[in-house]
Amino acid sequence: MTVALAPLVLAVAACISFGVRKRLAIVGPFALVAILTAAALVVLLPSDASGSLLDLELRLSALGRLASLVTLGTLFLLVLDVWIDEPAYNFFPTALAVGATALGVLVVTAPLAIFGLLMLGLLVPVGSFAFQVHRNRSVDAATRHFAFVSLGGSLGIGSLALAASLPHDQPANTFVLLAVVLVVAFALLLAAIPFHTHAALLASEVPTAALALYFGVLVPTTFIAFVEILTLSGLLPAIVQVVKVQDLLHGIGLVSAVGGAFLASGAPDLRRLVVYSVISNLGAALVGIATLSGPGIIGALASVIVTGASASGQLLAAGTLERRAAPERPTASRAPLAALAFVVCGFAMIGAPPLLGFPGRFFMELIAYQFAPFTGTALVAATLLLIVGQLRAVIALFGAGVARWTIESRPVAGLIGVAIFSALLVGGILPNGFLVPIAAFAEEFLRALRPL
Amino acid sequence: MIALGIIALVTLAANGSRQLRYSAVALLGVSLAANVVTAGQLSVTQLAVEGCGALVACGVLYVAARDRTYGEDPGWRLWIATIVAAAATAACFATLRTASSDTVNVPLLGEDPSGVTAQVAAFWLISSGIAILVTARSPVRGSLGALLMVTGVQLLIRLLNVPQLGLTLLLAWIEVVVALTGGFLIVNERAVRES
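Top to bottom, those sequences are chains A and B. For what it's worth, my numbering labels the leading residue of the first sequence as 1, then goes sequentially. For what it's worth, my numbering labels the leading residue of the second sequence as 453, then goes sequentially.
Simulated from the structure, these hints should not be mistaken for laboratory data. Each residue gets a CB set at the ideal place from its N, CA and C atoms; glycine is no exception. Honestly, I wouldn't trust all of these hints.
Unchecked claim - Selected chain A positions facing chain B (in silico; Cβ < 8 Å): (1) Gly51; (2) Asp55; (3) Gly127.
Claimed, not checked - Derived Cβ-Cβ restraints for the label pairs, each shown as a range: (4) B/Ser647 / A/Glu57: 47 to 55 Å; (5) B/Leu507 / A/Lys22: 23 to 31 Å; (6) A/Leu24 / B/Leu507: 33 to 41 Å.
As the list claims (entries may be wrong) - Example chain B residues on the side facing chain A (calculated, C-beta under 10 Å, incomplete): (7) Gly567; (8) Ile578; (9) Leu585; (10) Ser595; (11) Gly604; (12) Leu608; (13) Asn613; (14) Val614; (15) Gly618; (16) Leu622; (17) Phe636; (18) Leu637; (19) Glu641.
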């Protein structure tokens with residue numbers, strides 16, 4: 001029961017904050033205290049703590065603890081930004097509910113329950129996607145997101161339920177079909193190319209804080225859930241035996257990595273640059289998983305967690321830059337600290353050393369070369385395209401020069417970006433605390449791959 | 453077998469309706485018939501939880517419609533959805549059937565211990581949901597498709613030999629959240645359309 005305390009605290013806080021959501025002076029600090037309480041509960045739990053709730057087995061693994069703390073840290077920064085700089089009363093209960101489901105996903109051990117909680121978490125942000133509906137297409141974007149999540153979620157849960165009820169003498173083709181449906185379901189949820197159309201519309205129409213909630217918290221959680229479900233569902237040995245599923249994962253990953261980077265390199269605005277960069281990094285991470293190797297899994301998970309944090313920093317900075325420069329194009333002269341935050345979080349997004357994004361990307365590209373030279377080359381090309389995209393953004397922001405380096409009033413997004421950069425820098429210099437829990441999970445994954 | 457026929461007919465009614473309120477009532481019918489199909493495999497508590505989830509979900513859609521006339525005309529989408537769902541159900545049953553008995557005995561009335569009826573109903577609901585969702589133009593039919601899929605998934609999970617209470621509660625919550633999200637989108641879409 002104690003394992004479930006942190007998500008339960010957040011769930012109760014989400015219900016309370018929904019009741020007082022229009023009193024910003026109360027709901028903002030309340031949400032921050034709830035997140036800090038949940039973080040304290042996660043820290044205080046002993047390692048590998050376990051328990052059960054409503055017939056469901058729970059366990060807080062080392063990876064679960066790491067991802068929970070990163071998720072809560074990101075949520076804390078998002079809530080702080082919205083409370084101080086961009087008041088939106090729907091955001092607070094949404095963020096707390098997303099936190100509750102994300103932490104739930106990280107402690108539950110039943111694949112079906114993990115998928116169910118993930119679907120709940122992905123549906124909740126629809127409430128904060130739609131805003132000023134008469135002036136934009138945010139309802140269309142939210143509707144498309146709803147359709148993708150409903151489709152992907154139901155297909156995924158259905159395929160897992162069928163896989164769990166298959167008799168042992170079932171033909172291999174049935175397993176292959178179910179594994180393919182599961183991979184496609186996750187591709188829908190992760191907005192992997194070619195299932196990225198809802199992400200593109202979201203990028204241009206919804207508030208940046210809600211976008212950061214989705215791409216900074218939910219998308220990394222979805223990826224971790226995917227790897228956990230593969231490990232716990234017992235499908236991995238069948239996937240190893242039938243190479244087709246591995247090829248599909250590899251293909252979707254490669255298309256997303258290169259396609260996302262290509263779109264990012266020509267992105268017309270800052271938001272889309274960030275969203276396509278996330279899609280590209282997720283694609284590269286899928287390739288890492290498709291190698292079914294220790295370094296590939298460690299690199300994929302490390303890269304995805306860092307991508308979530310840096311995407312949150314970049315999206316918050318992009319939102320501030322847009323608001324300060326509206327109706328003109330964003331420039332650094334209006335919000336220099338936010339522009340700086342955008343650039344430094346961009347370093348993390350491309351995996352530049354010595355930041356924490358580097359080890360993950362290095363592992364993935366190294367193992368991709370060993371897997372197939374073409375794959376390795378494609379991932380390096382994707383990285384180069386991402387660098388081009390980020391450099392274009394730097395030129396667009398700083399090209400006109402900054403006449404006076406006067407820090408903007410209420411530089412919340414800028415300070416948050418600097419905080420994220422500092423954390424990633426410290427993590428990059430001392431990576432053990434970050435990589436060891438991921439390596440422990442990779443060992444579990446490999447054991448599930450080849451059971452004795 | 454009769455419950456399966458009722459599920460098919462009520463799904464068609466929900467799919468073919470031009471008014472959201474009628475679709476919501478038909479969805480409740482689908483859910484009740486689905487509970488009848490698997491009544492023997494669930495405890496009273498689980499049936500109550502699932503029934504409450506379905507009732508709340510349909511109630512949310514009913515209220516979101518705001519008046520009797522609001523909805524989406526399916527037009528040709530009704531026939532496409534029906535044909536695709538029928539073909540997909542047959543294909544799924546041929547390739548993914550996990551019912552253990554080789555000789556399928558489906559009683560006209562009463563329990564179906566082999567689970568074949570429940571599995572066919574689940575495939576039909578999921579296929580119909582996908583076809584409706586993919587061809588939907590607005591959140592009205594989008595919500596309908598999503599709720600049909602969730603009901604189908606509930607049926608599949610009931611066939612599993614695992615502890616059910618947590619999963620039952622979770623799926624009931626998913627049903628309610630899908631309906632709430634769909635209702636929220638329907639209200640917003642209507643506000644945009646009427647402005």
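We went through each hint and held it up to the structure:
1. With its C-beta approaching chain B no nearer than about 13 Å, A/Gly51 sits outside the 8 Å limit, and its interface hint is violated.
2. Given the 8 Å rule on beta carbons, the hint for A/Asp55 holds: about 3 Å separates it from the nearest Cβ of chain B.
3. A least Cβ separation of about 6 Å between A/Gly127 and chain B falls short of the 8 Å threshold, and the interface hint therefore holds.
4. At roughly 50 Å, the beta carbons of B/Ser647 and A/Glu57 sit within the given window of 47 to 55 Å.
5. Restraint check, B/Leu507 to A/Lys22: a C-beta distance of roughly 29 Å satisfies the suggested window 23 to 31 Å.
6. At about 35 Å, the beta-carbon gap between A/Leu24 and B/Leu507 stays in the expected band of 33 to 41 Å.
7. A least Cβ separation of about 9 Å between B/Gly567 and chain A falls short of the 10 Å threshold, and the interface hint therefore holds.
8. The closest approach between the C-beta of B/Ile578 and any C-beta of chain A is roughly 6 Å, which is under the 10 Å cut-off, so the hint is satisfied.
9. For the restraint placing B/Leu585 at the interface with chain A, the shortest Cβ-Cβ distance is roughly 6 Å, inside the 10 Å limit, so the hint holds.
10. Because the closest C-beta pair between B/Ser595 and chain A is about 8 Å apart, less than 10 Å, the hint holds.
11. Checking B/Gly604 against chain A by beta carbon gives a least distance of about 7 Å; that is within 10 Å, so the hint holds.
12. Checking B/Leu608 against chain A by beta carbon gives a least distance of about 4 Å; that is within 10 Å, so the hint holds.
13. With its C-beta approaching chain A no nearer than about 8 Å, B/Asn613 sits inside the 10 Å limit, and its interface hint holds.
14. Checking B/Val614 against chain A by beta carbon gives a least distance of about 7 Å; that is within 10 Å, so the hint holds.
15. A least Cβ separation of about 4 Å between B/Gly618 and chain A falls short of the 10 Å threshold, and the interface hint therefore holds.
16. Hint on B/Leu622 holds. Least Cβ distance to chain A is approximately 4 Å, under the 10 Å limit.
17. A cut of 10 Å between beta carbons decides the hint on B/Phe636: the least distance to chain A is about 6 Å, and the hint holds.
18. For the restraint placing B/Leu637 at the interface with chain A, the shortest Cβ-Cβ distance is roughly 5 Å, inside the 10 Å limit, so the hint holds.
19. Checking B/Glu641 against chain A by beta carbon gives a least distance of about 5 Å; that is within 10 Å, so the hint holds.
In this structure, only the earlier hint numbered 1 is contradicted, and the remaining ones agree with it.
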